[in-house]
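If you read the protein sequences in the order shown, they are chains A and B.
Counting the first sequence from 1 gives a position; our numbering is that position plus 48.
Counting the second sequence from 1 gives a position; our numbering is that position plus 1.
Hints are computed from structural coordinates only; laboratory data are not their basis.
Note that the structure is a prediction, hence the values are computed from the model and not measured.
Any given hint could be a false lead.
Unchecked claim - Here are some, though not all, of the chain B residues that point toward chain A, as calculated from beta-carbon distances under 8 Å: (1) T165; (2) G172; (3) S228; (4) E232.
Built from N, CA and C at the ideal position, the CB exists for glycine as well.
What follows is each chain in one-letter form.
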Amino acid sequence: MMATPAAPGLSVSRVVFISLGLMLVGLLAAPVAWTGAPTSEAPVTGDWLINHMLSDPEQLNPLTSNDAGASSLLGYIFEALLQRDPRTLELRPHLAIARPEISEDKLEYTFKIRPDAHFQDGRPLTGEDVLFSIKAIKCPLVNAPFQRVYYESIVDAQLLDPLTIRFKAKEPYFLNENVLGGMDVLPRHYYDPEDLLKGVTVTELAGDYAKHEESVRKFAQQFNQNFSRNPMGSGPYKFKSWSTGQEVVLERDPNYWGNGRAGIDQVYIDVRKSRVINNMDAALVNLKAGNLDMMGLQPLQHLRQTSGARFEKDYEKYIYSTPSYTYIGWNIANPIFQDMRVRQAMTYLTNREQMVKTILFDLGQVVDGPIYRFRPEYDEGLYSHPFDPQKALALLGEAGWRDTDGDGILDKELDGQRTPFRFEIKFNSGNDIRKGVALALQDELRKHGIDANVRALDWTIFLDEVRNHKFDAVILGWAMSVTEPDAYQVWHSSQVENKGSNMISYKNPRVDAILEEYRQTFDATKRIELYREFQRILNVEQPYTFLFIQKAVTVVSRRFQGVEVLPIGRMRPLDWWVPKARQKYTAQLTP
Amino acid sequence: MIAYLVQRLLLMIPTFVGITLIAFSIIHLAPGDPAELRAGGGLGAGAEGGLSTERRGAVDRALQEWRALYGLDKPLHMQYLIWLKNLFTLDFGLSFKDSQPVWGKIVERLPATIKLNVLSTALVYLVAIPLGVYSATYQYSFGDQLTTFAAFVLFALPSFWVGTMAIVFLGGGDFYYWFPPGGLQSVNYSPAWPWWQRLVDQAWHLCLPVLMLSYGGFAGLSRFMRSSMLENLRQDFVLVARSKGLAERVVIYKHVLRNSLIPIVTIMASIIPGLVGGSIIIETLFSIPGIGQLSYEAVLARDYPIIMAVFTIGSVLTLLSILLSDLLLSVVDPRIAFSRRAV
């Protein structure tokens, strides 16, 4: 229900580090309304949903929090001007009456706010709150530097009347609407009770606010410190309590403004409890003991510990793709990997199907490009490189790699020097999947006279080496956008320097041109065409060996109705419900 | 006595500065920048996972701001002096994670850790001391060998494994539901319950963790007790007592046991720092929000203020407990006087 404009950064929690490494769980999708699987009964309110969390959220301030755990909870408490349809992913109005009016030059976005929305304390939601929200994000002293970067291009915002707001952007960019529409609207009277930002404009906050130094400083200090554990918004769930290391409790707001309104998602579950259980084995036992209603499973738990009539009577498992992929990045600045044929050979030598089977226990799927397969931009016609050592050796021979000195390792003259085919594969320690990939590849390469060293590095050191291009090959992951992708930062040649995300130093003028044109193209069909060409270029050049996407397994108690996996591959517990007869818990809601 | 105490307390100051200085340097010099970690190194941010260099510039500026906010932009020795200065007012600073006062975060987690540790320490002493006494009085008997063997088997079993087995078999999964599989209170716990129900709920939740935390300690302490008893049994006064015709029960429990407890009393003081230092393994296994978890997460996230605070409290308590041990020794053993040692 929250249309998060762009994933606000990587969670610092160790859970994400360990299990996903560099990958970020894509938050971009806005799970939105759908009334659930066909059933004869009408949904009723009541009961609790007890979900599993591996660790506490860092904090529950929608701007300063920076982790996935928090954002899934905040999604129930805060709302934005627009949201995404959960099935079509199309933008649709939520707190706004309609999608924004966009000016001819694509720089001005005017939103009209609906008059009937109010916050959880009953105060009406107006343009003043929207204006305050953008000010809070733009305020340089608010501890939200990583959210702020997504609003870099927004340079001004003005209220035309109490319910109309106009934003101004620096440059035309088709995702601006998405960014603005996805901004959480915070109650001004709650987060800035003294109205300290009243006289300060967005332009000043984006540039020079020296005139208001004192009030801005005071506001930021209060905002950073006083709102970590007491969020309040306009959404259907109110924050109830948080016992550190134990649980976070949200409660349905019986006075939610959207209750009974057409076009607004209705919610039924009375209490949403997220229990912190740091240990996956204990979590599964908790589930079986009936202390949890929902949890994600590890592959082995899925294969070995969750079957049998007793389990299936009470629980159902849902398997779906997660929008992020793992890849091997070849450092193109390294003379060995400059040659496209060598990179193609490496992909032919990577047995990806086998890896999915043995490393992921079949919970995955081979990918051939960076675009999520459910996106219209995805190119169905990409060539999927099979495991083919013969072809690989032919390509390497063509590129001039042979064993001339008889030491069992291929070599070639590079810059006037005989260089053996020897390199290092780096990944972050603690990530068993990446370790499995590295070892399998190393083993295969050895058979063909290529000496690959495998090295696991502590996360922080790994980050530093990767950003500074200190690697030959690296195993990493990227989140895939389930909404309109923008691959500029990863593939544009301008992103090599200054620790940009083009770590492998990939440079291709045609790709640069496509990426630039794409960002300024407001016609969706044209954008799709551009990105299909982009994928085909990557498919040939193989700057990455794209490996696979993983599948997640989630268990949900059978007493919940309306549970399904959306076509984009995710679950959305917002509108689940339990028939009266099967309800397990009761709660007294606070009005 | 007073002079000795003052002298010992004064001596603690340089030791304390030395300890914290080393700790401070190690923590800050260890690789990993907390600011970069927050930004996910620029690798995780962004819809597509990437971060453009334009934005990278903005993030770098933001990181600079963030470092300034926490004083991380100053030279290391200045940071240490500022930290030390704040310490005098018991101000441990703000956590990097959520800008909340460190002291509050520690106090919040103390009750769980103290409960767990007090109970398990009590359990260790209650079991190990009688066990040691028994082993010594029946030295080399079958019972002695059996209990010694059992204690060492327990000592050798890693708690993460036993704990996991206990959760899987006794926690209500596919087997028995005797104990809750973690946490501190039931799912439907309500503060409105009568006090006895809340107490029972809590006790029920603490059973497994306390047991897991204790069983490894039986071996060490019971062996300690055993050898201390044996040593005393060989003393001349035992011979005298026996030849006076005292009952064996009186000899053992009145004369030997008392004297053998002296070293036990003194090591009791060293438990104090352990009471607030959490157990990472047990706390993680049973999802108990204690100090162990807090410090472990702080280390991973390079949350310097928390790491330093936990470390400082631990070292102060250790220093104090060493002093307390020495004082206790003179209480239980009048032959030891301070005036002579203090010279």
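Now the hints, each set against the structure:
| no. | hint | in the structure |
| --- | --- | --- |
| 1 | T165 | holds, 5 Å |
| 2 | G172 | holds, 4 Å |
| 3 | S228 | violated, 38 Å |
| 4 | E232 | violated, 43 Å |
Hints 3 and 4, counting from the list given before, are not met by this structure.
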